[in-house]
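S.K.: Place chain V on chain D using the hints.
If you read the sequences in order, they're chains D and V.
First residue of the first sequence? That's 0 in numbering that gives the first Met the number 0, and the numbers climb one at a time after it.
First residue of the second sequence? That's 0 in numbering that gives the first Met the number 0, and the numbers climb one at a time after it.
No lab work stands behind these hints, which were simulated from the structure alone.
Some hints here could point you the wrong way.
As the list claims (entries may be wrong) - Among chain D residues calculated to face chain V with C-beta under 7 angstroms, some are:
1) 54
2) 59
3) 119
4) 139
Unchecked claim - Simulated DEER-style distance windows between Cβ atoms:
5) V/9 with D/25: 37 to 45 angstroms
6) D/42 with V/18: 45 to 53 angstroms
7) D/11 with V/20: 23 to 31 angstroms
8) D/103 with V/40: 51 to 59 angstroms
9) V/18 with D/138: 21 to 29 angstroms
10) V/15 with D/109: 42 to 50 angstroms
11) D/23 with V/74: 49 to 57 angstroms
12) D/109 with V/43: 27 to 35 angstroms
13) V/1 with D/17: 40 to 48 angstroms
14) D/131 with V/46: 19 to 27 angstroms
Ideal Cβ placement from N, Cα and C applies to all residues, glycine included.
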Amino acid sequence: MSAVLAPTVRIQREDFDVAAEIAGLTQGRTDIGAVVSFSGLCRDEQGALSALELEHYPGMAEAEIGRIAAEAVERWPLQGLTVIHRHGKIRPGEKIVLVVAASAHRQAAFEAANFLMDYLKSRAPFWKKEHRADGSEGGWVEAKETDAQAAKRWKSPSE
Amino acid sequence: MTTRLIYFAWVRERIGMPEEDVELPAGIETVADLLRWLQSRGEGYEHALQYPDVIRVAINQEHVDHREKISGAREIALFPPMTGG
Chain D
0 MSAVLAPTVR IQREDFDVAA EIAGLTQGRT DIGAVVSFSG LCRDEQGALS
50 ALELEHYPGM AEAEIGRIAA EAVERWPLQG LTVIHRHGKI RPGEKIVLVV
100 AASAHRQAAF EAANFLMDYL KSRAPFWKKE HRADGSEGGW VEAKETDAQA
150 AKRWKSPSE
Chain V
0 MTTRLIYFAW VRERIGMPEE DVELPAGIET VADLLRWLQS RGEGYEHALQ
50 YPDVIRVAIN QEHVDHREKI SGAREIALFP PMTGG
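With the rest of the complex left out, here is chain D (with noise of 0.2 angstroms):
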C-alpha cells in the first residue's frame, strides 16, 4: 500500500450522485475508518435568484483542481480523494461541487475536504453569474475576501 493515491477529478455539466461517489471510493476496502464529503448547493438567495451560470475555463479547471487535489494528497494520509465541480446553467436546490475525502481516521479526512474546499474557492477557474428570478440581468458573483482569507490559513509560514 505504497502506491500513491491518484485522486479523481471530473469537470462536468451533469449532476452527480453522493452516494455512488462515496461507495465509489470505500466499495471493496477495508482500510478506511472515515469519509468526509462536502456537497456545495446551488441557493436562491430569499427567492432572488432563479439560477446560477457556472463558466469555466476548460483544460485549467482540470488541471488546477488535480493541482489542488495532489497537494492534498501531499499533506494528510488520505485513501481515497474524489473532487467533482459542475459547470453551466445550475439552479436553485441543485448541487455545484462535491469532494469526498476517506482516510484511516477522521480528522485527516476532515482536514483535506476543507482544505480543496478553501482553495478551490480561490483558486479554481470558474465564475458564477447570477440570473434573478425577476426576469433581470443579475451580474457576476464577487470574491469574498473571506474566502481568500480561509485558504491562506493552509499556508506554512514560509510561504
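M.R.: Just chain V now, kept in the frame of chain D:
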C-alpha cells in the same frame, strides 16, 4: 510569435470576445506590460482592465503573478477573481 489570449467572465464580456490571437510587440516582457499594452487597444479593453490589480492571469493554464515573464507563452488567460466552489 503568435500568442493566444483567452478571456473569461466580465473580462470576456467587456472586451467583447472569448479569445484572440495576437502578435505581441517588442518590449512586452511581463504580464504587467501585457495588461498595459492591451489597455491601449480600445474602449472595451480599457473598461475590462481599468483596475489591473484585480485581473488574475494564467500562462499555459497555470496561475502567475503580474511580474511573470511571458516569453514563450502559448496561451495567456485573463479573468476576474474566481468564484467557484
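S.K.: Determine for every hint whether it applies to the structure shown.
M.R.: Results of checking the hints against the structure:
1. 54: Check passed: Cβ of residue 54 of chain D comes within 6 angstroms of chain V, closer than 7 angstroms.
2. 59: The hint holds - residue 59 of chain D has a Cβ within 7 angstroms of chain V, the shortest such distance being about 4 angstroms.
3. 119: holds, 4 angstroms
4. 139: Holds - the Cβ of residue 139 of chain D comes within 7 angstroms of chain V, reaching about 5 angstroms at its closest.
5. V/9 with D/25: 37 to 45 angstroms: holds, 41 angstroms
6. D/42 with V/18: 45 to 53 angstroms: violated, 32 angstroms
7. D/11 with V/20: 23 to 31 angstroms: Once the Cβ atoms are compared, 29 angstroms apart, the range 23 to 31 angstroms for residue 20 of chain V and residue 11 of chain D holds.
8. D/103 with V/40: 51 to 59 angstroms: Since residue 103 of chain D and residue 40 of chain V have Cβ atoms about 56 angstroms apart, the given range 51 to 59 angstroms holds.
9. V/18 with D/138: 21 to 29 angstroms: holds, 23 angstroms
10. V/15 with D/109: 42 to 50 angstroms: holds, 45 angstroms
11. D/23 with V/74: 49 to 57 angstroms: Given about 33 angstroms between the Cβ atoms, the range is violated.
12. D/109 with V/43: 27 to 35 angstroms: violated, 46 angstroms
13. V/1 with D/17: 40 to 48 angstroms: holds, 44 angstroms
14. D/131 with V/46: 19 to 27 angstroms: holds, 23 angstroms
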